[in-house]
Amino acid sequence: MAKLTLNGVEVEAEAGAPLVEVIKQQGVWISNLCYIDGLAPYAGCRSCLVEVEGARGLQLSCTARVADGMVVNTEKQPIKEARQQVLAIINANHSDRCLSCHRRVKCMPGDICLRDDVVTHRCVTCSKNYRCELQTTNELLDMGFENVEPWILEDRTYYQTEQPDPDRANPFFEFDPQMCILCTRCVRACDEIRHTSAISLSNKGYTSRIAFGAGGPIQDSNCDFCGACIDVCPTATLMEKPNKWIARTEDWTSTTCNSCSVGCTISVGTRSGRAVIVKPDYVNPVSADQICIRGRFHYDAIPDKQRLSKHYVRRGPTGTPQFPAHWGELVAYASEQLKGIIAKDGASAVAVLGSPFNTNEENYLAQKLARDVIGTPHIDFSSAAPNRAAGRAIEAAFGTEALASDAINIARSDVIVVIADDLEESHNVFSLRVKDAVVGQPVAPRSGKLILVSSQRGELADFCEPYGGVWLQPRVGEEALAAGALAKADGEVALLGESDLVVARNLLAEARDPSNIVSIIYAPHPLDARAAAEGAKAVANLAIALRGDKAAESLFVLPTEANANGARDMGVDPERGAGRVAADASGMDFAGMIDATHAGTLKAMVVVGDNPLMFAPGTPRIREALEKLEFVIVIDDVMTDTAKLAHCVFADVPEYAKTGTFSNAERRVNRLHAALDAIGDARPALLALTDLANALKPDAFAYDHPDAVTDEIAARVAGYEPFTSKFERWSKARVAEAATKSETQTVGTQPAAPADGQLLLTTSRTLYTSTDGAAVHAADADKLHREEFVEMHPADAGALQVLDGNDVVLMTEHGELSLKAKLSDRVQEGVVFVPYYLDGGAVCGLIASDGAPIAVQVKVAVAV
Amino acid sequence: MPDNEATLEIQHLIREFKPADGDLMGALHAVQHHYGYVPKMALKVVARQLRLSEAKVYGAATFYSEFRLTPPPETLIGWCSGLACRLENGHGIRKALETELGVGMGENTADNKVGLHFAQCNGTCEYAPQVWVNGRVVGSLTAASTVKLVRELKK
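Order-wise, the sequence lines are chains A and B. With this note's numbering, letter number 164 in the first sequence gets 164, and the count goes up by one each step, no holes. Numbers in this note's numbering are just positions in the second sequence, counted from 1, shifted up by 864.
It should be emphasised that the hints constitute simulated quantities derived from the structure, not laboratory data. Each hint should be verified, as a subset may be incorrect.
Each computed DSS-like pair below joins lysine-lysine, with the alpha-carbon atoms no more than 27 Å apart [unchecked claim]: (1) K977(B) / K904(B); (2) K820(A) / K904(B); (3) K732(A) / K550(A); (4) K1018(B) / K977(B); (5) K3(A) / K76(A); (6) K820(A) / K1018(B); (7) K644(A) / K305(A); (8) K904(B) / K204(A); (9) K310(A) / K76(A); (10) K344(A) / K24(A); (11) K305(A) / K339(A); (12) K908(B) / K204(A).
Please take these sequences and the hints and turn them into a complete structure.
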């Protein structure tokens, strides 16, 4: 530690730390328009000048390093004037109407501006008014009226040069180079924080501009719209497009993103009870200052009017219309019908579905409703099979599936093994942390080695070989075999080339070194339970082979959905109750429920947030079953395909209007705080479950607040904590259990390879399609229209005479699907890929109910 | 990135360049030498080969004014901006060029036949005022001879 004097006050700081960060940490304001905390200084804006006594001239506090005995002054008049002069140069090439207008106190967005100025110059044209770092800097540096008064004797370069056109061509970002001060924060954030490098500084001198990709529109570049550049932009150059003008928030609420099992903590900005902006919330050390496009923009995926604002009831048979209903009427009708079925056919004629998108509280009450109130053991969720299979395999290896591995270690790993389809797309922020481990940042370079086992060429493939790692590309469905080969490190497996094998062997030797940090990340297939089970066995074997007794501490199994782990911890599992302990009576899993419905033994279903017609493979058979059921209750916040078949639809509130908890991939119990207001008559699912339970069995549920459910969970499920404080934004609580054993298991044989000339259809979670948009079949569920395709390898397309952009028909024995073809080497030869959530899980209609990749015929559609 | 003929050709042109500092310029030179300019799609191919992002390649290619991202015109007129030419009515020559061509400095005619660009003195000041037509010095110009020259080039 070094002692320095800052404006006459003695403070302690780490020697060698960037001075500007120390000044800011001490609560002293200093202008710094190009500096990003934690990254190497760029020293481009020169606005952080300070006086360091003894040094010649003024020093830039971003490049100056803390040394013992340093005497630093920031507030003396000459220093301030120097900074003002620097800022005046920056202002000279920036619109400054927002600073100089005499009516600025009345220029709130929406107010009518009466100033006799050119309309395009009005400050209301800049939506960053009052949340702009440059504007704040001008104010805090006392630039004053006299320094910036542009309409008198105007001769500044900004108003004399033609300004470039803004790029407003995509639904997420607005890029307005008129506002740019060329601080290059966005370039460095994209490069050093995100490792994407979609932004560069192009041209030179007066024509310097920030450019995306090859200088074209943003969506034509490799930008994946994470928004890291927006967060660092000090001006209105890069901004969120949705709600741009109303994004002055009244309130910020910390909650958890529900898009995948990373569980990033986000801050939802609201205005009049609806979300207008989302920013990452730094309290979570894994996601920290990063989220992905789903977290940042999918709150706005569908307009409020597409969410349910009324409850619906259908008193006639399937096919007759649903009519709006009052809450009390609906509860009475639903309970009466359920009671009738229970009386007639017994409680086991009723099944309950929870959901991996529900909070733990909702899932807990759903299983309690099933087991304690209705008295049926049949509780599951529609996409549970692969999750459960992987979980059971991990449990067989280690005695528990709540592994002690901590995601904070991923970015610090020396060797990382990733076994996934495309981790970048399915679990974006974990993928980012893997890249961190491989590349690090210029100030803190890292040299982690990545062994990627993936059949798809995702972004991570570029982080292998150039950095000393290796990318093994097994055939689709053979990931488990590849992981098994790594575990044994034998050369007999054809998929490991000789040179790859040498690299892999050397890396695995490094991974065996106990002093190294190793992360083994496995994202099971979202539909194929057999592959998930075999894969989980294989990765457990690999972890044990590499790390021995400590295997469980380096293994991550990432479910596709946000709260799949939580759902099973809560007992949404036909064999296990809350806390994953064996249930009193074993029930049917989801596939069993569908079979039982067809057999006529299952009569009613209570669907809490689930949508089997989107998430489960084998849609036609599931649809038939749901239509056959005598009574279906759905609780959801959008009119899903399943809700359309229901007899009673309880309108739930949107995700971010809920209070509760989510358990992410590493079973960190993240808090959700209600940020939004309910839409229309919608009421939280917890209320629907409580009222329904109480109508079925008086005083069954006596909860006066969601926290009461959380507390009951804490009492029953080991590792979960009660709500201790309303203001706790992020919990350190993790449900991690010590491994009781480390047993290797035999990995099953692979399925037979498809016959020659046959293509395999596979699917996986992709980055851009929103869950809510897909559930209502919104035309712009993927607003960028980047993934509304079937992806084919050019070689296959050539053989079938399919051209890029052709309309094609995919045909399997279960169904057919028409969509456009996209030729890409992201998929391997012999495989076609359709996104999982595309058009409400349309691909599930082509796949058998085991979810395995299936032989498919592709034909060019004939124009009618 | 689907392989097509153009992609394969560029890949062949830059086959010897490796992901290492300093190879970017060489790769861009090789492409420009072959095509006369750097086609936009070449940025992607170079980026993939050198394991850079397309944006980084674009940033470098636009930094150097001698790299062109559009096809060069058939005839490139360099207007000498040197002192001697300016003293001999170089600015009048520039006006004549711009008016007759109908384009501004640094632009090409719509049919890409003639382009005009800003050049620095090459020392042949005895021919002032002068322009360079595809590098060949055409000197001692007057407004009238400039117009005549441009009309011939436009044919």
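We went through each hint and held it up to the structure:
1. This hinted pair checks out: K977(B) and K904(B) have alpha carbons roughly 21 Å apart, not beyond 27 Å.
2. At most 27 Å may separate the alpha-carbon atoms for a hinted pair to count; K820(A) and K904(B) meet this at roughly 25 Å.
3. A threshold of 27 Å between alpha carbons decides the hint, and for K732(A) with K550(A) the separation of about 22 Å falls inside it, so the pair holds.
4. Only pairs whose Cα atoms come within 27 Å are accepted, and K1018(B) paired with K977(B) is accepted, the gap being roughly 7 Å.
5. Our distance criterion of 27 Å between C-alpha atoms is met by K3(A) and K76(A), whose separation comes to about 21 Å.
6. This hinted pair does not check out: K820(A) and K1018(B) have alpha carbons roughly 46 Å apart, beyond 27 Å.
7. Restraint check for K644(A) and K305(A): satisfied, since their Cα atoms lie roughly 16 Å apart, inside the 27 Å limit.
8. Simply put, K904(B) and K204(A) have alpha-carbon atoms about 19 Å apart, close enough for the 27 Å limit, and the pair holds.
9. Of the supplied pair hints, the one linking K310(A) and K76(A) is violated, its CA atoms being roughly 63 Å apart against a limit of 27 Å.
10. A distance of roughly 71 Å separates the Cα atoms of K344(A) and K24(A); the hinted pair therefore is violated under the 27 Å criterion.
11. Taken as a hint, the K305(A) and K339(A) pair is broken in the structure, with Cα atoms around 34 Å apart against an allowance of 27 Å.
12. Proximity of K908(B) to K204(A) is assessed by CA-CA distance (about 21 Å); at most 27 Å being required, the pair is judged to hold.
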